[in-house]
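Enquirer: Below, each chain spelled out in residue letters.
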Amino acid sequence: MPEIRPDSGSFRDPLSRVFVGPDAVVRAFTAEGAKDIDAVWRTGALRRALDSGDLIASTMVDPTQVGLSVPWTLAMTHPRLPFVSYPYEWTFSMLKDAALLQLKLTREMLAEGVGMKDATPYNVQFIGSRAQFIDAGSFEVRRKGDPWYGYKQFCEMFLYPLMLQAHLGVGYQPFLRGSVNGISPETMAKLLPGSLRHPRKGRLTHVVLHAAAQRRFADSNADVKREVAKAGMNPQVLDATLKKLTKIVEGLSLGDTVSTWSEYSERGHYLESSLDEKQRFVRDAVASSPRAQVWDIGCNDGVFSRIAAAHADAVVAMDADPLVIDRLYGALKSEKNDKILPLYVDMSDAGGGIGWRGRERPGIFERGRPDIVLYLAVIHHLAITFNVPVAAQIDMLADATPELVIEMPHADDPMVKKLLKNKREGIHSDFTLDEFERLLTGRFDVKSKMLLAGGTRTIFHAVRRG
Amino acid sequence: MFSYLDAGTGSMIITAIAGGVAGIGVAAKMGMARLKSRLTGKPLPEQEPSAQDESGSSHD
Chain F
1 MPEIRPDSGS
11 FRDPLSRVFV
21 GPDAVVRAFT
31 AEGAKDIDAV
41 WRTGALRRAL
51 DSGDLIASTM
61 VDPTQVGLSV
71 PWTLAMTHPR
81 LPFVSYPYEW
91 TFSMLKDAAL
101 LQLKLTREML
111 AEGVGMKDAT
121 PYNVQFIGSR
131 AQFIDAGSFE
141 VRRKGDPWYG
151 YKQFCEMFLY
161 PLMLQAHLGV
171 GYQPFLRGSV
181 NGISPETMAK
191 LLPGSLRHPR
201 KGRLTHVVLH
211 AAAQRRFADS
221 NADVKREVAK
231 AGMNPQVLDA
241 TLKKLTKIVE
251 GLSLGDTVST
261 WSEYSERGHY
271 LESSLDEKQR
281 FVRDAVASSP
291 RAQVWDIGCN
301 DGVFSRIAAA
311 HADAVVAMDA
321 DPLVIDRLYG
331 ALKSEKNDKI
341 LPLYVDMSDA
351 GGGIGWRGRE
361 RPGIFERGRP
371 DIVLYLAVIH
381 HLAITFNVPV
391 AAQIDMLADA
401 TPELVIEMPH
411 ADDPMVKKLL
421 KNKREGIHSD
431 FTLDEFERLL
441 TGRFDVKSKM
451 LLAGGTRTIF
461 HAVRRG
Chain G
1001 MFSYLDAGTG
1011 SMIITAIAGG
1021 VAGIGVAAKM
1031 GMARLKSRLT
1041 GKPLPEQEPS
1051 AQDESGSSHD
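Chains F and G are the protein sequences, given in the same order. Numbers 1 to 466, taken from our numbering, label the letters of the first sequence in order. Numbers 1001 to 1060, taken from our numbering, label the letters of the second sequence in order.
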């Protein structure tokens, strides 16, 4: 029986727990938690969610079949995802789609007497560009008068971050990375003013009134909760709220914005026959071995991610420009691409866990092991603009991956010269092809290399030693 | 309460109000006047302010 170990992020719900094995994820339920499961899982809404793929594939098993016993009386297995990603790595459209999925499921379940215990983006994952709900433990039989338990969490982790971006143009990712619980109503009320010119739908109720109600009832006793339940928090009321929230979220958008990188390339789909030499080099390197997972760091428009995806099971496409990733996500989504997962990752500030003991939600290096990394047109930006020495980058790569395709611009490359303009003369005098090769071969063996057309860049395919 | 999540007392009230017209029914049952008085902090003429109402401040 394969060894399963408890997931670091699953400990808050006393009724169920997640375990991770090599090929599957197991969600175990206590007797109390299992009580509802039968009823919930017989509903048409849940069947539909499974069939449509809105809910992750789930198979009920006896806990003993997967090596579990007391206190677990019921278990469910799910397929493992190639790469677990977190909301602070998603761009606007991704968080928006996750929010709409959460609301849609909550409404559909509500209509059949099933409540959802929470509303957190950590219960949504992306398989490529497809959003999917993954927490089978979120469902419970609704008792008469039950409120929507997830409303506050929905505001803090979905609605407010989206509103921050849509109304103020402020990226929410640092907020979500800095606080595992999201943005509080009190904070949001201070951050988001009203606007006469662009009325902010939902602000008065979900931000202002919400913050006021929270303050007012902060020291309240259970009296109010019972009153609310007695008054009849009926499904119609909740459905109306959910419907309105759906309209609000649907109405939020990024607006027209152009970034430095979104104009970088107009490349669309590629044809195998028209690959240029760099693209062929990348293709040959990736195709030279079976690849379960490829990371494309600094993926930009994703052209190399697409090449890699043709020869790999899964690709994680990372870039430090959220607009570029948002665009890529849009393109992948319209193609229904479930192989390439686009993520907003700033390599100069990545890794490290957040949440309880800093381990609840681990950093990227602990969430996936690439078989090969593409590091194209990245090294000079990190070295020159962000002062991460080439040696440090090579160490990072050697720790992260057994195989590497890396593009090194020479000292006389136009982009290198442009980046050096902002720096003091001579401060990056060691940024040369020779020095790079010396450092690279300290950790990797070079399988092949090629001078790219233009003569100012060399691309390497390297394999880690030892 | 079966959920593990602290739904927030104030938040639960808002879920009803946020439902619009449907929510007003709930508020009416609860006593619309009483609800308003709680939220705005102005006591009703016939209501005796309790120690609970006067605390009002949030945790630090």
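Hints were generated in silico from the structure; no laboratory data involved. Among the hints, a few may not be true.
Stated by the list, open to error - Pairwise CB distance ranges, derived in the manner of DEER restraints:
1. 69/F with 1041/G: 49 to 55 Å
2. 330/F with 1041/G: 19 to 25 Å
3. 186/F with 1004/G: 20 to 26 Å
4. 1041/G with 356/F: 33 to 39 Å
5. 53/F with 1004/G: 25 to 31 Å
Said to hold, decoys possible - Every beta carbon over 12 Å from chain G, so not counted as near; a handful from chain F, in silico:
6. 52
7. 66
8. 117
9. 180
10. 234
11. 411
12. 419
13. 429
14. 445
Values in this document were obtained by computation on a predicted structure and should not be read as measured data. Using N, Cα and C, we set each Cβ at its ideal position, and we do this for glycine too.
Enquirer: Against each hint, give a clear statement of whether it holds in the structure.
Expert: Each hint tested on the structure:
no., hint, in the structure
1, 69/F with 1041/G: 49 to 55 Å, "holds, 54 Å"
2, 330/F with 1041/G: 19 to 25 Å, "violated, 47 Å"
3, 186/F with 1004/G: 20 to 26 Å, "holds, 23 Å"
4, 1041/G with 356/F: 33 to 39 Å, "holds, 36 Å"
5, 53/F with 1004/G: 25 to 31 Å, "holds, 27 Å"
6, 52, "holds, 26 Å"
7, 66, "holds, 23 Å"
8, 117, "violated, 5 Å"
9, 180, "holds, 14 Å"
10, 234, "violated, 8 Å"
11, 411, "holds, 56 Å"
12, 419, "holds, 47 Å"
13, 429, "holds, 54 Å"
14, 445, "holds, 52 Å"
Comparing the model with each earlier hint shows violations of hints 2, 8, 10; every other hint is respected.
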